[in-house]
Amino acid sequence: MIVALLNLAQSAPALAACVGLAGTGDGFDKETAVDRAQLALDEYINEYKAENNLHAVTVSAMRAEPQPYWRGKVTENMMRGPDIVTETSHTVCWQGVVSTYVCTSGARVCW
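Its first residue numbered 28, the sequence shown is counted upward by one per residue in the working numbering.
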């Protein structure tokens, strides 16, 4: 299961517009869940760019809130760290209900 989230963010420079985007993925191991979350994020960024006719964007890591499938919220004791931070995404993982791991990857996209 893959879920995407849009989070409107304040623009950094006065002329730039930015949004926070997130994608969630699950797996029976952390590596699979991270890969699926990052893939969901990449797909969402591409969809957002196409829908908004954006060509040149900058993508940077942004910590997104966990987006659970089956839970109302994720508490600190459910988190399965450490977070995975790359140049273009910040991924947090937690213990899933159905899957062993669920992760959300977040990014700030500016144009």
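Some hints here could point you the wrong way.
Stated by the list, open to error - Derived CB-CB ranges, DEER-like:
(1) Leu66 / Val124: 17 to 25 Å
(2) Thr113 / Ala83: 17 to 25 Å
(3) Thr127 / His82: 33 to 41 Å
(4) Arg107 / Leu66: 34 to 42 Å
(5) Glu92 / Glu70: 15 to 23 Å
(6) Phe55 / Val112: 30 to 38 Å
(7) Gly108 / Ser87: 34 to 42 Å
(8) Leu66 / Ser87: 15 to 23 Å
(9) Thr127 / Leu66: 14 to 22 Å
(10) Trp138 / Phe55: 15 to 23 Å
(11) His82 / Thr102: 34 to 42 Å
Keep in mind the hints are simulated off the structure, nothing from the lab. No residue lacks a Cβ here, since even glycine has one placed at the ideal position from N, Cα and C.
Hints versus structure:
1. Leu66 / Val124: 17 to 25 Å: Holds, at about 21 Å.
2. Thr113 / Ala83: 17 to 25 Å: Holds, at about 20 Å.
3. Thr127 / His82: 33 to 41 Å: Roughly 39 Å apart at Cβ, these two residues keep to the hinted range, so it holds.
4. Arg107 / Leu66: 34 to 42 Å: Given about 19 Å between the Cβ atoms, the range is violated.
5. Glu92 / Glu70: 15 to 23 Å: Check passed, 19 Å falls within 15 to 23 Å.
6. Phe55 / Val112: 30 to 38 Å: Cβ of Phe55 to Cβ of Val112: about 23 Å, so the range 30 to 38 Å is violated.
7. Gly108 / Ser87: 34 to 42 Å: For Ser87 against Gly108, whose Cβ atoms are near 21 Å apart, the range 34 to 42 Å is violated.
8. Leu66 / Ser87: 15 to 23 Å: Taking Cβ atoms as reference, Leu66 and Ser87 lie about 18 Å apart, which means the hint holds.
9. Thr127 / Leu66: 14 to 22 Å: holds, 18 Å
10. Trp138 / Phe55: 15 to 23 Å: 37 Å Cβ-Cβ, so the 15 to 23 Å window is violated.
11. His82 / Thr102: 34 to 42 Å: Once the Cβ atoms are compared, 41 Å apart, the range 34 to 42 Å for Thr102 and His82 holds.
The structure does not agree with the numbered hints 4, 6, 7, 10 stated previously, though it agrees with the rest.
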